[in-house]
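One letter stands for each residue in the lines below.
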Amino acid sequence: DAGVTQSPTHLIKTRGQQVTLRCSPKSGHDTVSWYQQALGQGPQFIFQYYEEEERQRGNFPDRFSGHQFPNYSSELNVNALLLGDSALYLCASSSIAGSHVRTHTDTQYFGPGTRLTVL
Amino acid sequence: GEDVEQSLFLSVREGDSSVINCTYTDSSSTYLYWYKQEPGAGLQLLTYIFSNMDMKQDQRLTVLLNKKDKHLSLRIADTQTGDSAIYFCAESIMGGGADGLTFGKGTHLIIQP
Chain A
1425 DAGVTQSPTH LIKTRGQQVT LRCSPKSGHD TVSWYQQALG QGPQFIFQYY
1475 EEEERQRGNF PDRFSGHQFP NYSSELNVNA LLLGDSALYL CASSSIAGSH
1525 VRTHTDTQYF GPGTRLTVL
Chain B
560 GEDVEQSLFL SVREGDSSVI NCTYTDSSST YLYWYKQEPG AGLQLLTYIF
610 SNMDMKQDQR LTVLLNKKDK HLSLRIADTQ TGDSAIYFCA ESIMGGGADG
660 LTFGKGTHLI IQP
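If you're matching them up, the sequences are chains A and B in order.
Going left to right, the first sequence walks through residues 1425 to 1543 as our numbering numbers them.
Going left to right, the second sequence walks through residues 560 to 672 as our numbering numbers them.
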């Protein structure tokens, strides 16, 4: 059973550029959440996608956008990169259906992350 | 808004018990979590507790929840060198199990030989 996978592992960009990060959820999961983890900090919730729509959003600017595909995989796009966008970007998957019956599938499982460096 | 607070560091001797504490602010949180992060790695779900529980035990891990004080703790019995990591407390933003999470800044667990 494949867990959550993310690509690429590392990425280097320059200020002003745009970046796309990718995530495939754990088998059986239908929901993907994205988090930004700056060095020495806890992860910060960016947004969550379910049924190909943004379901919840954290306190991040519109430069951060996303997409979910019919196979439940997801992309995170960041436009006009700033130096402060340098961070580990984590994807987590969960199951909305599972949350209603409170099984173990309603918790979030994280991928290994994509390390983004903005120069 | 929601906020989760944790001590930044905890140092324990190998074989002792480690107790990592956390306070949260959202009384409507239904799910509270503990995650572990090793250097250069993603987050590993350790355990979680429903808000209608006071305690949950899972092998060497014991979670205690005090809803009145909004206090959550994680006890690791017989701490080993492999337990050295950053431990994050988290609560669900909207209270549900599949919702986005608010994390603390993490507690660095340091194991002394």
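The set of hints was computed from the structure by calculation and includes no laboratory data.
All C-beta atoms, glycine included, are put in the ideal place defined by N, C-alpha and C.
There may be inaccurate statements among the hints.
Stated by the list, open to error - A partial selection of chain B residues facing chain A, derived with a Cβ cut-off under 10 Å:
hint: 1; residue: Phe568
hint: 2; residue: Leu569
hint: 3; residue: Ser570
hint: 4; residue: Val571
hint: 5; residue: Arg572
hint: 6; residue: Ser586
hint: 7; residue: Tyr592
hint: 8; residue: Ala644
hint: 9; residue: Phe647
hint: 10; residue: Phe662
hint: 11; residue: Gly665
Now the hints, each set against the structure:
no., hint, in the structure
1, Phe568, "violated, 12 Å"
2, Leu569, "violated, 16 Å"
3, Ser570, "violated, 18 Å"
4, Val571, "violated, 21 Å"
5, Arg572, "violated, 25 Å"
6, Ser586, "violated, 19 Å"
7, Tyr592, "holds, 7 Å"
8, Ala644, "violated, 14 Å"
9, Phe647, "holds, 6 Å"
10, Phe662, "holds, 4 Å"
11, Gly665, "holds, 5 Å"
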